[in-house]
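Novice: Sequence:
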Amino acid sequence: MKSANKEIGFGKQTIAKVFEEWYTVPSYQRHYVWESDNVNDMLDDFASNYIEHAKEEYFLGSYIIQSKSNNNDLLDGQQRITTLFLLFAFLRDYAGSSEDVKVNCADLIFQKANKIKQIPERIRLSYEIRGNVRKFIEEYLMMPGSITQHWDDIVKKANDKKECTSIQRMCNALVCYNEFFTNHKEIDLDSFLMFILNNVVMIYISADSLEDAFHLFSVMNDRGQKLSNADILKSSNLEKIEDGSEMNEYAREWENMQEDLGNDFDRFLAYVRTMLLKKRQKTNLFDEYEKQIFKAGKIKQGKDFFNYVFRAYEDYNKLINLAGNEDTEYCSLIRTLIECMPSTDWIPVILAYGRKFGDNGLLEFSQKVACKNIADAVCGKSPSYRIDHLNSIIHLIEESGKPSDVLDAQGYYSFNEHVFMANIQSEIYGRRYTYALLMLLEYKYKDKSEWKDFGTTSIEHILPQNPKATSQWVKDFSEEQRSYYTHRIGNLCLIGRRKNSSLGNLDYQEKLKKYFEKNIGSFASSQKIYQTYPNAWTPETVKENQERVIQDLMEIFGIKSPSTIIDDSTYMEQQRSVYPNAYQPWTESDDERLVALYNEGKSISELAQMFLRNHGAIKSRIRKLTGERF
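Going by our numbering, the first residue of the sequence shown is number 6, and it counts up by one from there.
Because the hints were derived from the structure by calculation, they are not lab data. Please note: incorrect hints may appear among the correct ones.
[What the hints assert, rightly or not] Straight line, CA to CA, 35 Å or less: simulated DSBU-like cross-link-like pairs of lysine-lysine:
no.	residue 1	residue 2
1	Lys-296	Lys-407
2	Lys-140	Lys-117
3	Lys-473	Lys-407
4	Lys-308	Lys-386
5	Lys-245	Lys-17
6	Lys-245	Lys-284
7	Lys-287	Lys-323
8	Lys-473	Lys-361
9	Lys-245	Lys-190
10	Lys-449	Lys-283
11	Lys-407	Lys-308
12	Lys-629	Lys-516
[To be verified] What follows is a set of in silico ranges between Cβ atoms, one per label pair, in the way DEER data are often shown:
no.	residue 1	residue 2	range
13	Asp-195	Asn-312	50 to 58 Å
14	Asp-195	Phe-15	27 to 35 Å
15	Glu-251	Glu-404	28 to 36 Å
Please read all numbers here as calculations on a predicted model, not as lab measurements. Glycine included, each C-beta is placed from N, C-alpha and C at the ideal position.
Kindly produce the complete structure, drawing on both the sequences and the hints.
Specialist: If you want it as structure tokens, here you go:
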């Protein structure tokens, strides 16, 4: 039926009617992306409704097409219709299918030529620009027996993550069908196919004009696969390109870029948005592109947008993904930042600089940005503040004529050194920025030409958090010293995946042999501790390491004044002037009273006042006694 607007049609169709038509997946569409869960959910729904409600309709969802004279461009619903197409191809070749099922499914897949009736040879579903997918369908799916013939290869492709996404997922769907029907031999395939064709229905919406079709596409969702910002941006910008061959070329390049970036694609588009707007994102990404970029005249829709994004993609590959780059200090720095930065808000800033000035001063600039961002986190600046400051640097880049204008800009990279130094010398374990500081130390010590990925990394206490009462740790450190040093950066190091975390409580010599030697191989900073202190870890050595680490961090962050270094004994006295019981041993009765009051609902501030200890000491003790995390 037709609506009042003659260009828009809609109605309800059985699957039998749906597969009387021919469909093309146009160039601007996404890959076939349904995974095993999606396919199995559809099969389970079909089976349960076939068994329990065989005479009732089952609504599968909707699809949107741009209708043409002898074909339909499939704009929305590709995932469902492709999955059905694959199902019919499988049942056509499945050994358990009757001849009626095989013949009917063959007709749903491929129309044989009939010269007398002037009916051309034709496949029901084709892919407009993905030549490899089109070839796969023609070779593996189109003709009866082709699935059986290529089954071993299909299974292999289903498990090959390097295979084209559409082909890999199609093969995976066929494997799912094989498992399902092998495990459900009680299903009568003749009546099951009849149920699918005549009782399963879909709502179709058709549009004659591409503009209307694109609009519908932009506001509808796939079942189980919501349209991404990338999908909508692609479609709305392709709409502005009038030349068909140009549109296909831009769609093909976009698709290659999207496949390369995978799940990071929407995030990459957010980086591009930040480069253009230079402010925090506050609404939906597509809405901001639509209202604040396109309508505001920041950049034109269509070819201008695509060209800008493609250029940004080249910069992203070079500067962030490090494609084609040699092992340089810049590469080492970027790998470090990707590993340790609490967010990725720094990436658009690097992209903006590289776009404007190339490699000229890039390393120095990246170091300045990283140190400023981490220092602000250490100083307690909010994420909003840090994002706003990074965006102010993008403004600076845009307004600057040469690299020195950016590198020498007063005030853009400064931070409160006194607050910074006080915080890195305090109990630091558990802070979000601790890992970043340790990774910057790793960057300082590591051979930049032999940089390798770290894999799974964690932070290790050299002096354990909870040493056994009979251990050497308890003999070498007083409770007061353990309380003071345990969570400070001088007692922390980076370590690989723990094979047995209980080994972390071993005495130092055993810990070195059984634990450290196996787990610090990738970390130059941790090896430095191991090599510097091969015999013992005592209050004297941890104090010495604390001082060394602080000096190294001062060098990294460009802090030259030694006046902000806090002496341990001085710090303890300062704390005791405010908290008289600071660093005093806890008694058994203290512990019992602390837990009881905490369970009653007393706040950390209230407990600090009652026990005359600082907030960190209260949290640390509660953590030890109850396992509670803060």
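Novice: Confirm or reject each hint.
Specialist: The hints, checked one at a time:
no.	hint	in the structure
1	Lys-296 to Lys-407	holds (32 Å)
2	Lys-140 to Lys-117	holds (18 Å)
3	Lys-473 to Lys-407	violated (60 Å)
4	Lys-308 to Lys-386	violated (40 Å)
5	Lys-245 to Lys-17	holds (31 Å)
6	Lys-245 to Lys-284	holds (27 Å)
7	Lys-287 to Lys-323	holds (29 Å)
8	Lys-473 to Lys-361	violated (58 Å)
9	Lys-245 to Lys-190	violated (52 Å)
10	Lys-449 to Lys-283	holds (31 Å)
11	Lys-407 to Lys-308	holds (29 Å)
12	Lys-629 to Lys-516	holds (21 Å)
13	Asp-195 to Asn-312: 50 to 58 Å	holds (55 Å)
14	Asp-195 to Phe-15: 27 to 35 Å	holds (32 Å)
15	Glu-251 to Glu-404: 28 to 36 Å	holds (34 Å)
Violated hints, listed in ascending order, are 3, 4, 8 and 9; each of the other numbered hints is respected by the structure.
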